[in-house]
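Read off the chains here:
Protein chains: 2
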Amino acid sequence: MEQETRLSTEPTTPEAAPATPGTVRPGGRTAKVRAAVLEATQDALVEQGFHALNMDRVAAAAGVGKTTVYRRWGSPIGLITDLLHDMAEQSLPAADTGDLEGDLRANALLVLKTLTDPRMGPVFQAVIASAACDEECATALNGFYTTRLREWAPAVARSVARGEIPAGTDATEVLRAVSAPLYYRFAVSREPLAPADAERAVAVALAGARAGAFR
Amino acid sequence: MEQETRLSTEPTTPEAAPATPGTVRPGGRTAKVRAAVLEATQDALVEQGFHALNMDRVAAAAGVGKTTVYRRWGSPIGLITDLLHDMAEQSLPAADTGDLEGDLRANALLVLKTLTDPRMGPVFQAVIASAACDEECATALNGFYTTRLREWAPAVARSVARGEIPAGTDATEVLRAVSAPLYYRFAVSREPLAPADAERAVAVALAGARAGAFR
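Each protein sequence line maps, in turn, to chains A and B. For the first sequence, numbering that gives the first Met the number 0 gives the first residue as 0, with consecutive numbering after it. For the second sequence, numbering that gives the first Met the number 0 gives the first residue as 0, with consecutive numbering after it.
Just chain A, same shape as in the assembly (with noise of 0.2 Å):
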């Protein structure tokens, strides 16, 4: 099932490599603990929430003693924020169809499709919400999307040069257009989500782009 990220600890398919060099994990023992201890976190948001992220459970989900979870993370904010430093550097390639409407579906449904998983939706809604407690995770939320942008910026770029839309689009503003409409009816207005938002915001987003909203 492919998704916005994926766990570091969820086998390692060709379809699922990781896109750039320096991804790749060591396999050591401290790889294996930080596997393990960002994977029980991730079931605990799940579970709970994040105002509930407990370390000792963590802790003891993850097999892992109270000692080093306390020395390396420090606090729930930080088991969060580092979870979003994996989720960061496991993003997966950015789809390719050989057009910007087809780029963009890819892009909307993928957006669609993690919000709407029963595992990865409630770990977004506990990251967003972490970030609005607190700047460090804040600043690793955005360094999530920054990194997804980086990934897709190509697709947009691709577009300018096909001559589809015009020189000195915005690319990261045009992928913003493509998952704002369906972060704001997941975090903020609280509305259920449908194939139908997604292919929406997809012809917004190409409109504007078309009509150079995004220069």
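There could be a bad hint or two in this list.
For chains that are exact copies, the list does not tell them apart, and a pair is met inside one copy or across any two.
Dumping the calculated DMTMM-like pairs for lysine to aspartate or glutamate here, alpha-carbon to alpha-carbon at most 25 Å [claimed, not checked]:
#, residue 1, residue 2
1, Lys112, Glu190
2, Lys112, Glu134
3, Lys31, Asp81
To be clear, the hints were calculated from the coordinates, so they are not data collected in a lab.
Once you've looked at the hints, dock chain B against the given chain A.
Just chain B, lined up with the frame of chain A:
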């Protein structure tokens, strides 16, 4: 200073008068207690965020007995939920500038002003985070935006009637498209917000509306 919402404790000027009948408060003791408690809640959210919201401190700051605050609001989440109800009740009338671009710009600038306001910015950050942690709070936040959409939808309907955009355009989706990129930066990707972001949101929503992307 015009904002997306105002506190019921602020002086009522003709410009800020309630938009619809039924929003005028009874001036009795119960209403005064509620106004004082909700203002103290807002102060606390601005100063410390929602995770540090404390019923005893709110009661003390409002000059209201603890028993009253516990009996009437029950929990910090109860305070935030009632604050959201109050914000929805105190919602300001929508603009009517004579064309869709002007009305959408007025809407975008109102959202921008609210989210970048030193007082209302932290309050919105806090209510969005609270909604991520509590379903009752999420329902109240959804209700706030539903009220806003209902007030601004006529701007889009007038534009359809003037023949500026296609018949069958979904008014609330046009308005969500204006708000979404601003809230996305504010609450999700945690990026700075500037007037250019409001202008871009208007230009993109307008291009989408003209292209029929909201039908």
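Outcome of the hint check:
1. Taking the shortest Cα distances, Lys112 and Glu190 sit within 25 Å of each other both inside one copy (15 Å) and across copies (24 Å).
2. With identical chains, the CA atoms of Lys112 and Glu134 are at most 25 Å apart between copies only, with a shortest distance of 22 Å across copies and 27 Å within one.
3. For a Cα distance limit of 25 Å, the shortest separation of Lys31 from Asp81 inside one copy, 14 Å, qualifies, whereas the shortest one across copies, 46 Å, does not.
Violated hints are absent here; each numbered hint is respected by the structure.
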